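Residue numbers (the UniProt record's numbering), protein chains in the order written: chain A, 1 to 267; chain B, 1 to 104.
Derived by calculation from the structure, the hints in this document are not laboratory data.
Fair warning: this is a prediction, and the values are worked out from it, not measured in the lab.
Please note: incorrect hints may appear among the correct ones.
Result set (DSS-like, lysine-lysine): computed pairs, CA atoms no more than 25 Å apart in a straight line [stated by the list, open to error]:
1. A:5 with B:12
2. B:43 with A:22
3. B:12 with A:230
4. A:159 with A:91
5. A:45 with B:12
6. A:69 with B:12
7. B:83 with A:14
So, partial list: chain B residues that the calculated Cβ filter (under 7 Å) puts toward chain A [unchecked claim]:
8. 17
9. 45
10. 47
11. 48
12. 80
From the three backbone atoms N, C-alpha and C, an ideal C-beta is built for every residue, glycine too.
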Amino acid sequence: MSIAKILREEFESKRYVFDELKRAASSLDFLAQFRDSYQFIDWFKATIDPILEINYKTGALWIRNATVKGIILWTRQGAWNEWAANSALAKLITEYRDYIDDEFLNVFAHQVSDEARHFYIRTKVLKMYGGSMEDFQPIKEWADLFEWPLRCATKRLEKPYFQAKFTGAFQTVELTATVQHKGIVDNAHLNPEIWKEPYRDATRMLVEFSREIEDDESFHWTIAERVWAKYATTPEMRAEILDCAVGALELSTIAKIKRIEAAESSR
Amino acid sequence: MRAGRLEEFSEKPKVVVAGNRHCAVARLGGSVYAFESLCPHAKWPLGFIGRIFLNREGRPMLLCAMHGGVWDLVSGEGTVEGKPAPPIRRYPVEVVDGDVHVRL
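So that you can see chain A by itself, here it is in the shape it has in the complex (with noise of 0.2 Å):
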């Protein structure tokens, strides 16, 4: 069976999560019960457990039985978001910077200038491999995936709910993405086919960012934390967290699994 046949089944077996998620965004009285904003944050978390638990596979599983060939195709897709993350970024702190707090609005700067890196040192890989970006079109969950924090965050265009929606729906998509990337950390020495000369320093390098890319995405992902900890304080605020963070790992995880659907049709 397909790496892509084994996460999408197991998607679809996790598909609870997101329910009791939209149960929960729907109930002031329930998202009144929490102390304070850290309990809501902690409870988010542990409530996603099982679909990072998939992320981490979308890393590590995927590694394990990728090909030269898969790797390229998971590249260019891999290169061309983290050039979608930054164009909407560079939207939010420009167009939108009324309505971001001092304070937040250099953080997200900060992860512009950590995207650009990203870039930078994919398309590096990606041309090690023997690829290039020439031709390339995106997988169109992907392209939804980077619609949706300002298609979500502008539903309340006011200050402070549209940092903390944009958050939802952009920062969520990091703490999937850290996992992700420590399961090819964790995984990649078990495909030795990935090893084989003369793709070896294109692995190591690959391995290697994948290490780096990981400490990044927690940063960004901190982001989110830094913001709901001000300001998830009230019912109201918690739903409308939600409402943008539960569609953003519905589509980032739907998305992944695309990615290798695709790289794994190169077989």
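Dock chain B against the given chain A, drawing on the hints supplied.
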């Protein structure tokens, strides 16, 4: 809170959520352990990345593979990269007719 049936648990912790309360539950042989859902070091959920095992002295330990933190599930003490980490909160567990109950 009722966490589930005994056979649902293994050395890989399972995060159990009931309303706004949650904990992680794991089992080694006939012994069941309940502890906080998130790693005390960097707050990663312990279900997808945690494991419990017996150390050389036979003490139950929790490993969080995210950063290599290890906690003693009896004393609650832990270390990350050899340095002391915040202790892990543990909860009393009772197994009644194969049902695992955790007192949070």
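Hints, one by one, checked against the model:
This hinted pair checks out: residue 5 (chain A) and residue 12 (chain B) have alpha carbons roughly 23 Å apart, not beyond 25 Å. For the hint linking residue 43 (chain B) to residue 22 (chain A), the alpha-carbon distance of about 23 Å falls within 25 Å, and the restraint holds. For the hint linking residue 12 (chain B) to residue 230 (chain A), the alpha-carbon distance of about 33 Å lies beyond 25 Å, and the restraint is violated. For the given pair, residue 159 (chain A) sits about 17 Å from residue 91 (chain A) by alpha-carbon distance, which is consistent with the 25 Å threshold.
The suggested pairing of residue 45 (chain A) with residue 12 (chain B) holds, with an alpha-carbon distance near 17 Å, which does not exceed 25 Å. Under the criterion of a C-alpha separation no larger than 25 Å, the hint pairing residue 69 (chain A) with residue 12 (chain B) is inconsistent with the structure, at around 34 Å. Distance check on the hinted pair: residue 83 (chain B) and residue 14 (chain A) sit about 36 Å apart at the alpha-carbon level, beyond 25 Å; violated. Annotation: interface hint on residue 17 (chain B) holds; nearest CB of chain A at approximately 5 Å, less than 7 Å.
With its C-beta approaching chain A no nearer than about 4 Å, residue 45 (chain B) sits inside the 7 Å limit, and its interface hint holds. For the restraint placing residue 47 (chain B) at the interface with chain A, the shortest Cβ-Cβ distance is roughly 4 Å, inside the 7 Å limit, so the hint holds. With 7 Å as the threshold, the beta carbon of residue 48 (chain B) comes within range of chain A, its nearest partner Cβ sitting at about 4 Å, so the hint holds. Contact between residue 80 (chain B) and chain A, as hinted, is not supported at the beta carbon level, the nearest pair being about 15 Å apart and thus beyond 7 Å.
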